[in-house]
Amino acid sequence: MATRETGQQEFTLDTASELAAEEKGARIEGRSPWALAYRRLRRNRLALFFLAVFLLICVLCVLGGRASLYSSHISHLGVSDSNVNGFVTVNGKRIPVISQAHTKIGPNGQVTLVPGNVPIHPQWGAAGGKYVLGADELGRDIATRLLYGGYNSLFVGIVAAVICTILSVILALVAAFFGGAPDWIISRVFDLIWAFPVILLGIALGTALSINGFHQGFHVGGHFIGVNLAGGSLWVTIAVISIVFIPYIGRPLRGQVLALRQREFIEAATAQGAGSLRIMFTELLPNIASSVLVLFTLIVANAILTEAALSFLGAGVQPPLPSWGTMIAEGQSNLATNPWLSLFPGIMIALTVLSLNVFGDGLRDALDPRAKVRIEH
Amino acid sequence: MRFKRGRSVAVAAVVAAALALVVSACGGGGGSATTTTTSSVQPSSSAKTFALLKVVDGTTDYLDPGLSYRLESWQLFQDTYLGLVVKAHVSCQTQDCTKILPGLATTTGTVTNGGRNYEFTLRKGLKYSNGQPIKASDFKSTIIRDFRLNSPGIGFFSNIVGIDACEKNPTKCSAINGIQTDDSTGTIKIDLSQPQSDFLYILSIPFTSQVPASTPQKDTENPPPAASGPYYFASYSPSKQIVMKRNPYWKKGEISSVPDGNPDKIVATLTDDQAQSAQLVASGQQDWDGNLLPTDRLSYYKQHYPKQINFFVTPSTYYFFMNQRLAPFNNLKAREAVNYAINRKALVNIRGGLGVVTYNFLPPSYPQYKKITPDPYPYNLNKAKQLVQQSGTKGQKVTVYTISDVAVDKSTGEYLQSQLKKIGWNAQIKELAGANYFTIIGNQATKAQIGFTDWFEDYPYPTDWFNVLQNGKNITQVHNNNYGNVNISSINSQIEHYGHLPPSQALSSSTNDAWANMDKTLMVQYASTAPYLNGILTSFFSSRMYLPCDVFDDNNDDLAQFCLKP
Numbered sequence: 000m001a002t003r004e005t006g007q008q009e010f011t012l013d014t015a016s017e018l019a020a021e022e023k024g025a026r027i028e029g030r031s032p033w034a035l036a037y038r039r040l041r042r043n044r045l046a047l048f049f050l051a052v053f054l055l056i057c058v059l060c061v062l063g064g065r066a067s068l069y070s071s072h073i074s075h076l077g078v079s080d081s082n083v084n085g086f087v088t089v090n091g092k093r094i095p096v097i098s099q100a101h102t103k104i105g106p107n108g109q110v111t112l113v114p115g116n117v118p119i120h121p122q123w124g125a126a127g128g129k130y131v132l133g134a135d136e137l138g139r140d141i142a143t144r145l146l147y148g149g150y151n152s153l154f155v156g157i158v159a160a161v162i163c164t165i166l167s168v169i170l171a172l173v174a175a176f177f178g179g180a181p182d183w184i185i186s187r188v189f190d191l192i193w194a195f196p197v198i199l200l201g202i203a204l205g206t207a208l209s210i211n212g213f214h215q216g217f218h219v220g221g222h223f224i225g226v227n228l229a230g231g232s233l234w235v236t237i238a239v240i241s242i243v244f245i246p247y248i249g250r251p252l253r254g255q256v257l258a259l260r261q262r263e264f265i266e267a268a269t270a271q272g273a274g275s276l277r278i279m280f281t282e283l284l285p286n287i288a289s290s291v292l293v294l295f296t297l298i299v300a301n302a303i304l305t306e307a308a309l310s311f312l313g314a315g316v317q318p319p320l321p322s323w324g325t326m327i328a329e330g331q332s333n334l335a336t337n338p339w340l341s342l343f344p345g346i347m348i349a350l351t352v353l354s355l356n357v358f359g360d361g362l363r364d365a366l367d368p369r370a371k372v373r374i375e376h
Numbered sequence: 000m001r002f003k004r005g006r007s008v009a010v011a012a013v014v015a016a017a018l019a020l021v022v023s024a025c026g027g028g029g030g031s032a033t034t035t036t037t038s039s040v041q042p043s044s045s046a047k048t049f050a051l052l053k054v055v056d057g058t059t060d061y062l063d064p065g066l067s068y069r070l071e072s073w074q075l076f077q078d079t080y081l082g083l084v085v086k087a088h089v090s091c092q093t094q095d096c097t098k099i100l101p102g103l104a105t106t107t108g109t110v111t112n113g114g115r116n117y118e119f120t121l122r123k124g125l126k127y128s129n130g131q132p133i134k135a136s137d138f139k140s141t142i143i144r145d146f147r148l149n150s151p152g153i154g155f156f157s158n159i160v161g162i163d164a165c166e167k168n169p170t171k172c173s174a175i176n177g178i179q180t181d182d183s184t185g186t187i188k189i190d191l192s193q194p195q196s197d198f199l200y201i202l203s204i205p206f207t208s209q210v211p212a213s214t215p216q217k218d219t220e221n222p223p224p225a226a227s228g229p230y231y232f233a234s235y236s237p238s239k240q241i242v243m244k245r246n247p248y249w250k251k252g253e254i255s256s257v258p259d260g261n262p263d264k265i266v267a268t269l270t271d272d273q274a275q276s277a278q279l280v281a282s283g284q285q286d287w288d289g290n291l292l293p294t295d296r297l298s299y300y301k302q303h304y305p306k307q308i309n310f311f312v313t314p315s316t317y318y319f320f321m322n323q324r325l326a327p328f329n330n331l332k333a334r335e336a337v338n339y340a341i342n343r344k345a346l347v348n349i350r351g352g353l354g355v356v357t358y359n360f361l362p363p364s365y366p367q368y369k370k371i372t373p374d375p376y377p378y379n380l381n382k383a384k385q386l387v388q389q390s391g392t393k394g395q396k397v398t399v400y401t402i403s404d405v406a407v408d409k410s411t412g413e414y415l416q417s418q419l420k421k422i423g424w425n426a427q428i429k430e431l432a433g434a435n436y437f438t439i440i441g442n443q444a445t446k447a448q449i450g451f452t453d454w455f456e457d458y459p460y461p462t463d464w465f466n467v468l469q470n471g472k473n474i475t476q477v478h479n480n481n482y483g484n485v486n487i488s489s490i491n492s493q494i495e496h497y498g499h500l501p502p503s504q505a506l507s508s509s510t511n512d513a514w515a516n517m518d519k520t521l522m523v524q525y526a527s528t529a530p531y532l533n534g535i536l537t538s539f540f541s542s543r544m545y546l547p548c549d550v551f552d553d554n555n556d557d558l559a560q561f562c563l564k565p
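Chains A and B, in that order, are what the protein sequence lines are. Okay, so the first sequence: first residue is 0 according to numbering that gives the first Met the number 0, each after it adds one. Okay, so the second sequence: first residue is 0 according to numbering that gives the first Met the number 0, each after it adds one.
Everything labelled a hint here was simulated from the structure, so no lab data went into it. Warning: the hint list may mix true and false statements.
Quick list of the computed label-pair ranges, beta carbon to beta carbon [unchecked claim]: (1) Arg65/A with Leu325/B: 49 to 59 angstroms; (2) Leu325/B with His214/A: 29 to 39 angstroms; (3) Thr372/B with Ile346/A: 21 to 31 angstroms; (4) Thr111/A with Gly391/B: 42 to 52 angstroms; (5) Asp512/B with Thr206/A: 42 to 52 angstroms; (6) Asn442/B with Ala51/A: 31 to 41 angstroms; (7) Gly254/A with Ser234/B: 39 to 49 angstroms; (8) Thr88/A with Lys47/B: 55 to 65 angstroms; (9) His120/A with Pro222/B: 14 to 24 angstroms.
Beta carbons: idealized from backbone N, C-alpha and C, even for Gly.
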């Protein structure tokens, strides 16, 4: 029975038979764990709402930012186009995008100065779609940069999480399945990376790689074979984030595989003559898939946050490419007078991470209500 | 030198190389002796003494005159460490602040042998702040100490006879034949290998300011070396606080070119946070803000404290270097295109208005400055595009270098990158931390194509600009200050010729004209760099201070001359 000791039934612990029984007249039949999880997830409205929020952010950033639909049809300013001397019509009035300074030197060298360089505030709809969220100190459109920066942040976060998850799963399977020397080596590598605070390790790697990139490999017939990351490339940031989070997924998964390794079905597979690779990828992997999926969503959120932190500190996405982190850093010097420069990307990061975390929690509850999968720092 | 905000300076190596490499025997002149006149500067008549001046200023590198190469220190050194000669403590706005006046010496020296031999006599009865007498031999020991410290200033002494051994092994330096001193008569004789137009100016910079021979030959900061000026450093806590007090052995009016000073004590709180320092002064907790007012808050402070802010044009030039050893900037048309592509008014605007548009390399405060007219490169994007097309470099990858941790420098670099993209290059940007920026772009291995840089004078003579920054003979593999690798043989020869004149000819109108022509030739005919503005600094005072006492001389505001409202 899928009831607790109290006898009270909990919907999150329902079984195939109970679910089927709820549907009057339905034929009782077994459902796959994925179908059950989907059913549980569907009931979690909050998780679905935040999934929708996350997907909306993704669509806006991909279409508006990467595909330049916003900049080419609405703002008419590219992501890095400065407009220091430009003007914009607001409610029929032509005003400068950046206030102009006036400096005069008198005959005795005395300086008369009218300060400038204050960018236009958010215009919302008043400027015909231009400068909806205002301008930065170079007259660049904040909304354009926010969308493009969002694409970069999401791209870095998602791709880094994918790479990190794949590497972690492979390492966890190899370590736990083979044990012995491979386990010892991989575990020590996990410990080594774990020993460094994520941000410090990220800064160290990011700073070192951001100038000259990473080039390791060899030339064969004029072709380079190996890893060739140009300094300033998004892939440098992705590589850094992928590496620093490996133990955060690898260690819990290794623990799960170690437990599964002792189970009868593995012994049965071994007895039937299944090879190591087959056992790892057809027997063990499906049994940790739900944890991998949950960890992946949480790692995406963490990767986005780490990207923002590294970019804020100058060790992540390199200019002129914007990201939400670099935009916050750029707005820092104008925080007193133009807080929106940092505020908007900050809100976007918060919203994205919140939506991923809430959805990740919902997914965890749906996949395995008893699971205690958490990312711990 | 480069202006504060955490930047490193690395000029000395180049100056050393420059002077060491000079082989042409130019200039010369007669063998007649020339004794320059003495003149005095009276402190402001409205000045009056008061007990305590509290200021907030940027952090600095050292508080040892043998080691520091930062404007923040040099500003304080003008009232603590004096040289044989000093720069006039007068406002650059109203008087000639580039004038060299007698300091510890009785005159600005007797020059003989066509500008090769200098002789000075120390004033009698002078004492350091620790009570020790100031002796002629201290000058020699100070220069030797500079070498022992491997000071960034040792390059300035390369023209002194017998300096070779010290240059080869600075930390073992023990004797310099070209400097002879006599403590009994107070005479100091300096022999140069060849005439040097800027030698008197070099004698006015802190690296030559005398300290007692007993000063340890190591970084001496707490307390800093004994002072020879009207003030001494009572204590120094790096990055936190400097306390200056009146030198008990300074006699009022002792050296007429150096004001006695108004505050009895000066306490400087050190921070690089512009917003914080401005707020400390606005709230009345501090009397003066030595940091630049934050550009985004200029309007606010200007509006709320209109009578408490002074603005001064500094002897500085902000410019973009273009590496002539690398494509596309080995092509004149490409360099001209950059000059047409940048809107200099926009660049001033990015600094909140704290700048004056320029097309010259020399700042306007120089007697050698002649404004280049008409504007040689009015902003014209179409013309710039044509030039890029004509140069055959359209579509080439160009990497712009700039500083990442100073907001306006970062914006300046990003603006340039945006403009270069508009005119047809595949422009990228590389932003580096200010602490390493000049070291990295000054390394030939970096192959920096184009980027932001600026220059604040060490001393007011054109050699500090052209010899260091535009002379092809001074290009070095590392610590190179000629970031554009400008190397035009005719210009190199002219720099060396006019850099080696006796003092009597160094400031003649024909020499001044020659420097001005060099400026124009380099900027217009060769488009060697893209200068865009002369910097403006802010001086923000609390409500109790009297702004007419603010003397902005060649070392920025002279704190000793600050006074309270009557």
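Cross-check of the supplied hints:
Separation of arginine 65/A from leucine 325/B is about 32 angstroms and departs from the stated range, judged on CB atoms against 49 to 59 angstroms. At about 20 angstroms, the beta-carbon gap between leucine 325/B and histidine 214/A misses the expected band of 29 to 39 angstroms. Take threonine 372/B and isoleucine 346/A: their Cβ atoms lie about 51 angstroms apart, and the range 21 to 31 angstroms is violated. Range check, threonine 111/A to glycine 391/B: about 45 angstroms between beta-carbon atoms, so the 42 to 52 angstroms window is met.
Checked against the given bound of 42 to 52 angstroms, the beta carbons of aspartate 512/B and threonine 206/A, roughly 49 angstroms apart, stay inside it. Roughly 52 angstroms separates the CB atoms of asparagine 442/B and alanine 51/A, a value that falls outside the hinted 31 to 41 angstroms. Range check, glycine 254/A to serine 234/B: Cβ separation about 58 angstroms, and the 39 to 49 angstroms hint is violated. At about 56 angstroms, the CB distance of threonine 88/A to lysine 47/B agrees with the hint of 55 to 65 angstroms.
A C-beta distance of roughly 51 angstroms is found between histidine 120/A and proline 222/B, which places it outside the suggested range of 14 to 24 angstroms.
Against the hints set out earlier in the document, violations occur for numbers 1, 2, 3, 6, 7, 9.
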